[in-house]
Amino acid sequence: MKNTIYKLRVGDQIWAQVVEHISASEFIVSFQGDLVRVRNESLCSLKPEEKILVRVMSLAPLSVQIVQPGDTKRAATRIDVSV
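Last residue of the sequence shown: number 83 in this note's numbering, and the count goes up by one each step with no gaps.
Just so you know, the hints here were simulated from the structure itself, not pulled from any lab data.
The C-beta atom is built at its ideal place from N, Cα and C for all residues, glycine as well.
Treat the hints with care, since some could be wrong.
[As the list claims (entries may be wrong)] If you anchor each label on the Cβ, the simulated ranges turn out as follows:
(1) 3 to 43: 27 to 33 angstroms
(2) 3 to 58: 28 to 34 angstroms
(3) 47 to 10: 24 to 30 angstroms
Work out the full structure: start from the sequences and follow the hints.
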């Protein structure tokens with residue numbers, strides 16, 4: 001584990017990769033090697049091995065927002081992270 005999650009600040013942008021689909025709204029996601037379970041509260045469907053750019057919205061609890069340049073549908077979506 002690289003401890004990337006603990007170095008994040010509000011406003012940071014980081015690439016994440018979907019590793020595993022657990023349920024309709026839960027996934028295992030890798031944040032530069034840190035594996036975390038996330039709850040997808042967006043209307044977007046995520047697929048294993050998909051890479052997403054996210055912006056840190058809050059730290060406690062950790063919450064990130066998907067940021068995809070030129071994709072307005074995903075710009076307003078949110079993912080909550082359980083560490």
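Hint numbers the structure violates, sorted upward?
2
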